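Trainee: Chains as they are written, first to last, in UniProt numbering: chain A, 1 to 494; chain B, 1 to 494.
Worth double-checking, as some hints may not be accurate.
One copy or two, it doesn't matter: identical chains are merged, so the pair holds either way.
Straight-line C-alpha distance at most 25 Å; calculated DSS-like pairs for lysine-lysine [unchecked claim]:
no., residue 1, residue 2
1, Lys110, Lys98
2, Lys339, Lys430
3, Lys131, Lys74
In case anyone wonders, no lab produced these hints; they're calculated from the structure.
No experiment lies behind these values; they were computed from the predicted model shown.
There are 2 protein chains.
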Amino acid sequence: MATGVSVENINPKVILGPSSIAECIVTNARREINRYLTFFFQHLQQQLQTQPGSLPFDEIVYCNIGNPQSLGQKPITFFREVLALCNHPNLLEREEIKSLFSTDAIARAKKILSMIPGRATGAYSHSQGIKGLRDEIAAGIASRDGFPANADDIFLTNGASPGVHMMMQLLIRNNRDGIMCPIPQYSLYSASLALHGGALVPYYLDESSGWGLEVSKLKNQLEDARSKGITVRALVVINPGNPTGQILDEQQQYELVKFCKDEELVLLADEVYQENIYVTNKKINSFKKIARSMGYNGDDLQLVSLHSVSKGYYGECGKRGGYMEVTGFSTPVREQLYKIASVNLCSNITGQILASLIMDPPKAGDASYDLYEEERDNILKSLSRRAKAMESAFNSIDGITCNKTEGAMYLFPRIYLPQKAIEAARAVNKAPDVFYALRLLDTTGIVVTPGSGFGQVAGTWHVRCTILPQEEKIPSMISRFREFHEEFMSQYRD
Amino acid sequence: MATGVSVENINPKVILGPSSIAECIVTNARREINRYLTFFFQHLQQQLQTQPGSLPFDEIVYCNIGNPQSLGQKPITFFREVLALCNHPNLLEREEIKSLFSTDAIARAKKILSMIPGRATGAYSHSQGIKGLRDEIAAGIASRDGFPANADDIFLTNGASPGVHMMMQLLIRNNRDGIMCPIPQYSLYSASLALHGGALVPYYLDESSGWGLEVSKLKNQLEDARSKGITVRALVVINPGNPTGQILDEQQQYELVKFCKDEELVLLADEVYQENIYVTNKKINSFKKIARSMGYNGDDLQLVSLHSVSKGYYGECGKRGGYMEVTGFSTPVREQLYKIASVNLCSNITGQILASLIMDPPKAGDASYDLYEEERDNILKSLSRRAKAMESAFNSIDGITCNKTEGAMYLFPRIYLPQKAIEAARAVNKAPDVFYALRLLDTTGIVVTPGSGFGQVAGTWHVRCTILPQEEKIPSMISRFREFHEEFMSQYRD
Chain A
1 MATGVSVENI
11 NPKVILGPSS
21 IAECIVTNAR
31 REINRYLTFF
41 FQHLQQQLQT
51 QPGSLPFDEI
61 VYCNIGNPQS
71 LGQKPITFFR
81 EVLALCNHPN
91 LLEREEIKSL
101 FSTDAIARAK
111 KILSMIPGRA
121 TGAYSHSQGI
131 KGLRDEIAAG
141 IASRDGFPAN
151 ADDIFLTNGA
161 SPGVHMMMQL
171 LIRNNRDGIM
181 CPIPQYSLYS
191 ASLALHGGAL
201 VPYYLDESSG
211 WGLEVSKLKN
221 QLEDARSKGI
231 TVRALVVINP
241 GNPTGQILDE
251 QQQYELVKFC
261 KDEELVLLAD
271 EVYQENIYVT
281 NKKINSFKKI
291 ARSMGYNGDD
301 LQLVSLHSVS
311 KGYYGECGKR
321 GGYMEVTGFS
331 TPVREQLYKI
341 ASVNLCSNIT
351 GQILASLIMD
361 PPKAGDASYD
371 LYEEERDNIL
381 KSLSRRAKAM
391 ESAFNSIDGI
401 TCNKTEGAMY
411 LFPRIYLPQK
421 AIEAARAVNK
431 APDVFYALRL
441 LDTTGIVVTP
451 GSGFGQVAGT
461 WHVRCTILPQ
471 EEKIPSMISR
481 FREFHEEFMS
491 QYRD
Chain B
1 MATGVSVENI
11 NPKVILGPSS
21 IAECIVTNAR
31 REINRYLTFF
41 FQHLQQQLQT
51 QPGSLPFDEI
61 VYCNIGNPQS
71 LGQKPITFFR
81 EVLALCNHPN
91 LLEREEIKSL
101 FSTDAIARAK
111 KILSMIPGRA
121 TGAYSHSQGI
131 KGLRDEIAAG
141 IASRDGFPAN
151 ADDIFLTNGA
161 SPGVHMMMQL
171 LIRNNRDGIM
181 CPIPQYSLYS
191 ASLALHGGAL
201 VPYYLDESSG
211 WGLEVSKLKN
221 QLEDARSKGI
231 TVRALVVINP
241 GNPTGQILDE
251 QQQYELVKFC
261 KDEELVLLAD
271 EVYQENIYVT
281 NKKINSFKKI
291 ARSMGYNGDD
301 LQLVSLHSVS
311 KGYYGECGKR
321 GGYMEVTGFS
331 TPVREQLYKI
341 ASVNLCSNIT
351 GQILASLIMD
361 PPKAGDASYD
371 LYEEERDNIL
381 KSLSRRAKAM
391 ESAFNSIDGI
401 TCNKTEGAMY
411 LFPRIYLPQK
421 AIEAARAVNK
431 APDVFYALRL
441 LDTTGIVVTP
451 GSGFGQVAGT
461 WHVRCTILPQ
471 EEKIPSMISR
481 FREFHEEFMS
491 QYRD
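Produce the complete structure using the sequences and hints provided.
Mentor: Written out as structure tokens, the structure reads:
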């Protein structure tokens, strides 16, 4: 290899070592762990193919990433019809499409094309996204919340992740700027903070109260960071939670909004799982709705709401679509945000169109509505059944407890590891939960993500397990998990 | 507005002020100028609609951005057929598609779906992109160059811009790390360098020799930067040039490759216009082909080649597809690059598919080939005619000279502004070329980008003008331009 650029002289922020960021208690562990697991199960996958019967399982079950369509979830027909027509608008001139596409998909595709200058889905759009699509999304938000929304506040993005990076780029000046993040936490935030050289200010979710949060503790953590010279700029909240699956109750949301207002923190609300709800006693309120219902407007609170086409009942991860709704920022700041958006010209138009569709799906009376409703409800009901089945299975296993998955796509069971297992893990230089997860994979073919990647209270061990495996595979998966766990525990019993 | 985050306390790298980066002689001027022009012509556009006849022109001609489909260029039918089928794979089960899609588009869509685990175009892919598509791209590169290419070296991206940002993120540690960039230069590089806090080390293209470059001068500029304490990490070359439209001759390419090898600089080769060639006496050689034909392999040179679906004869800007081919880096560095790629999970699958299609279009004998060839050749021949017509028109105007557009999509004529015009511009606090461009827009409706946005030798003034207006509009556009220029010159004659 040529020698100019080596791993010793690249940008150290990329290396993401925990030592580079004082407050960063969640490192890029999850990413590293996932890559390690990936390497591991690629070998297993190969062995399954080349030497069938040589392993104690005959397939790998991926519970490590929220990627529904990779596990067989089918896309919503209406959405795909519209995308196909928008990608090849010549079809709209052909009679034959009437037997291939629903009438409302045809009408919607025509409407969307009419919003695009020159009907050109192959042209760069405005860097915030196509204005007509932003209008549709704003109307969808207004109808969801009962409060007005404005297309000028919408930035269409290639999924939620680039929105997070844009905000980090805007907010982080140096390693004395910090962002409050929940622990446990989906590591997008910690990874992005590390890449931008900022400080992670943790606040802990309380496992014993269903991963709830207490504002008084937030205040302590904020004061603590400030006393160390950190300028705390924003607070991240993920609702429903990832990896924790809880839904915040309204009272917690009110307190959180007031806290951010009082402390002049940007509220970064990750609301990508807003359609994934599996309980009837709670509902999802967007933070914008909560803030507005408290009488707070843009003069009171700087609020960024993130949404994505990757989750919900649609699960369109590969389309890379999403949006940020940005309120409460001055015109000069928004201009700088626009400048950041324009550095990559625009997000992909297929993803932009899909973002408008999820915010304005078929309505009762539309030709596609019955099929749409059936597809959507089947997916959500199945996810709900899977969440309950897996949660109750985990809770029935000795040495595991698991909070209810109220929303999102994950369970985050706590594994009570015996001291001997912890020592065995240390002996091979692995975190105990990584040791457990690798052994699980090796024995059962089940891939989960160790809790170390999300952060956890010291001395507690968890794994994140998606609820996405196909429903018919869950009983056998659960029994393999149970059998593994019992053997593991009896091997290492103190 | 709420007050926590204001333009005074955001990340100053975003503000991109020239003073923040010692060596940054090209600032974000082009972006600022484009935004100013955009504001200006949006007003004009509105006035055209609300008060027809009130302006000295009846339409706005956009020559400011390389966005072909926004100006009526039609997409390649085969590509869009494949995208439609991949976006809605259920269509492949229907008989009716035989009358709507070509047989090879159907076969290609099936082949592509077979490369995707679970045929799931809605799933996240590997963070470098779908392996099967990278295989196709590598095969396309190998067939283009006559030297092997490897799917593991390919990173699929949302257009070329994110590839550039990834490399900046990898290479730039602080403001003492620099990148050599051509002047004039498409401002993606200067903007990205500013955002990542690095130093721009300029090397000038020589207008008098058709925007050629001399390696001896490169060496001087490198030494100069080093003497100032800058660690120069990479050299950007754009071939064909943007905004300058030249094609490097082979000798220059050989010297450039040797220079980068000897100086241990990463060669960042922006080759997005590799299909846009309008002369017969030169051909495009990729820098990889040049390096390999000199006997240099990955042990000798760190090379990054950038490509995009946005340019060429396809012009699919809105799809946000592209790739980087990365050779000569050690495994640990590539792992860090992979980590950066994985921060956004993956690029959009529609763009990934399209990137594979442009590297493996229909071949002679395929059902779509005749139509494909006709569409492609019509576009390229028309672009070539437009380039020649506009170049010869500019050269026939007194006070303007224009190098030949050998490739890419732009002319970069030099405007010899009289001293009085320069003073008039200074009096209203504008750069003279901005003053000229705004006056042009105001008088004729023609939008060009002032040379200030790309950098130019001090005391020379240029505008960048795309060759993309529809062919039938070019004669009247040229005559309006000529008439404007003559009036402008007679108004300000010294």
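Trainee: Output the numbers, in ascending order, of every earlier hint that fails for this structure.
Mentor: none
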